[in-house]
Structure formats: structure tokens, C-alpha cells
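S.K.: Single-letter residue listing:
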Amino acid sequence: RKEVEQDPGPFNVPEGATVAFNCTYSNSASQSFFWYRQDCRKEPKLLMSVYSSGNEDGRFTAQLNRASQYISLLIRDSKLSDSATYLCVVNQAGTALIFGKGTTLSVSS
Amino acid sequence: DAEITQSPRHKIIETGRQVTLACHQTWNHNNMFWYRQDLGHGLRLIHYSYGVHDTNKGEVSDGYSVSRSNTEDLPLTLESAASSQTSVYFCASRGAGTDTEAFFGQGTRLTVV
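Residue numbers (this note's numbering), protein chains in the order written: chain G, 1 to 109; chain E, 110 to 222.
Chain G extracted, bound-state conformation (with noise of 0.2 Å):
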């Protein structure tokens, strides 16, 4: 089983729509918890960090459910510029980070 788990997608969704992304890791001694975007042929970049309480950024809300291992993404009112791919990543022990599939989503007119 893979260590982090994500729904590849594609996600097609409308501008001004709501998407919800989801994530689940294997190891439960993980320490912290991110969201990071990729755009094509891109370097990946950090989006937010996902705390246990649940954090907010403008339209983008991250979960995290520690005990069922599951970490989830919310982008409200979908702009086209949010078209990117959208990677859930798990720090378990050190600092290496790993990385899941990743999700695509693509935000038509």
C-alpha cells in the first residue's frame, strides 16, 4: 500500500464551483501534514500546511483527521487560475517529505 493516497482525478469542474480533494497516509506516527500545487512542467510549491484543528486561506480550507489518517482539501468558488495539480504530502519521521500522486483539476468557463 501506498504511503500517501490520493485520488488522481481528473476533476473537471466550472468556474465558481466547489471541490473537495481527499488524502489518506499509511503511517500513523506522521508528523505534519501539506498541501502543495503543482502547474505543469512545474516546480511543485507549497500551498498550506493542514493543521488538526483545520486551518483556512481565502478560498482553500484544510482537514485533518488524525485518526482515520485522513487529510482533505477544499477549494471554494473555483477560479480558472486554480487549474493545477494538487499534492497531498506527509512528513513522517525526519524531514523527508512524501508525496502523493497527486490530484488534477481543471476549471473551465
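If you are wondering where the hints come from, they were derived from the structure by calculation, not from laboratory data.
It is possible that part of the hints are untrue.
[Unchecked claim] When the alpha-carbon atoms are kept at most 30 Å apart in a straight line, the in silico DSSO-like pairs for lysine-lysine are as follows: (1) E:K166 / G:K45; (2) G:K45 / E:K120; (3) E:K120 / G:K42; (4) G:K2 / G:K42; (5) E:K120 / G:K79; (6) E:K166 / G:K2.
[Stated by the list, open to error] To list a few chain G residues with every Cβ distance to chain E over 12 Å, as calculated: (7) E15; (8) A20; (9) G58; (10) Q69; (11) K79; (12) S106.
These figures come from a predicted structure and were not determined experimentally.
C-beta atoms are modelled at their ideal positions from N, C-alpha and C, and glycine is treated no differently.
Once you've looked at the hints, dock chain E against the given chain G.
M.R.: Just chain E, lined up with the frame of chain G:
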């Protein structure tokens, strides 16, 4: 501004040749990482280093080596390139702590023919 750079950005080499991909960061981060990204696999960890003279194997380390002689650089060497090593390679660096952001280089597209 601090940054992380990779070179070359594109490289084509013949099977069996040795090649070294460079990664240089000016963040003064102790932690540096090499990943490869392939369709259907996402980003997979090759090697990583927590400081000078420290190196560790990642998930897909066979056929690759790294060395860390200073804080700024973590070169990745393919000793005898194979077609299966055709990929996009990303270098990253990260500060101390488990909740810090990782910064990635722009990637090196390597083709082994």
C-alpha cells in the same frame, strides 16, 4: 533573495554513461532532497541529506548516488544511466523542523537514449 537552482535544465545522454545533476541552494538549509517524477508515480524520493557529509537512501535509490561536501550543494550522480532513469528530477531544500516549507528547484528533464 535566497533560491535553489538546478543544472542542467535538460539533458540527453546515452545508456551506460555517467551524468551528474547539480543542485545549489542559498537558503543555508541543512536538509536537501532529490526526487524523480514520472507519470503514474508522482514524486518519489531518491536520496536526501541532513547536513554536510550526511546522505541517506530514499525509496528509489538504486543506480543513484549523492555526496554532500558543503551546505549549499547536493549533486546527484547516475553512475551508468539506464532508460528507466528517463525522468524529471527535482531537488529541494528545507529548514529545520517537521513543519517547515520545502523549496524546489525548477527541475531537470533527463532523457536516456
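S.K.: With reference to the structure, classify each hint as holding or not holding.
M.R.: Status of the hints after comparison with the structure:
This hinted pair checks out: K166 of chain E and K45 of chain G have alpha carbons roughly 24 Å apart, not beyond 30 Å. Between K45 of chain G and K120 of chain E the CA atoms are separated by roughly 24 Å; this keeps the pair inside 30 Å, and the hint holds. Simply put, K120 of chain E and K42 of chain G have alpha-carbon atoms about 17 Å apart, close enough for the 30 Å limit, and the pair holds. Of the supplied pair hints, the one linking K2 of chain G and K42 of chain G holds, its CA atoms being roughly 24 Å apart against a limit of 30 Å.
Distance check on the hinted pair: K120 of chain E and K79 of chain G sit about 35 Å apart at the alpha-carbon level, beyond 30 Å; violated. Between K166 of chain E and K2 of chain G, the direct Cα distance comes to roughly 18 Å. Compliance with the 30 Å bound is thereby established for this hinted pair. Consistency note on E15 of chain G: stated as away from chain E, and its beta-carbon is indeed over 12 Å from all of that chain's, at 27 Å minimum. With a least CB separation of 20 Å from chain E, A20 of chain G remains clear of the 12 Å interface cut-off, as annotated.
Against the 12 Å criterion, G58 of chain G stays outside the reach of chain E, whose nearest CB is about 18 Å from its own CB. Distance check for Q69 of chain G against chain E: the nearest CB is about 17 Å away, which clears 12 Å, and the non-interface claim stands. No Cβ of chain E comes within 12 Å of the Cβ of K79 of chain G; the nearest lies about 23 Å off, and the non-interface call holds. Once the 12 Å rule is applied to beta carbons, S106 of chain G is consistent with being away from chain E; the minimum gap is 17 Å.
Checked against the numbered hints above, the structure breaks only hint 5 and satisfies the rest.
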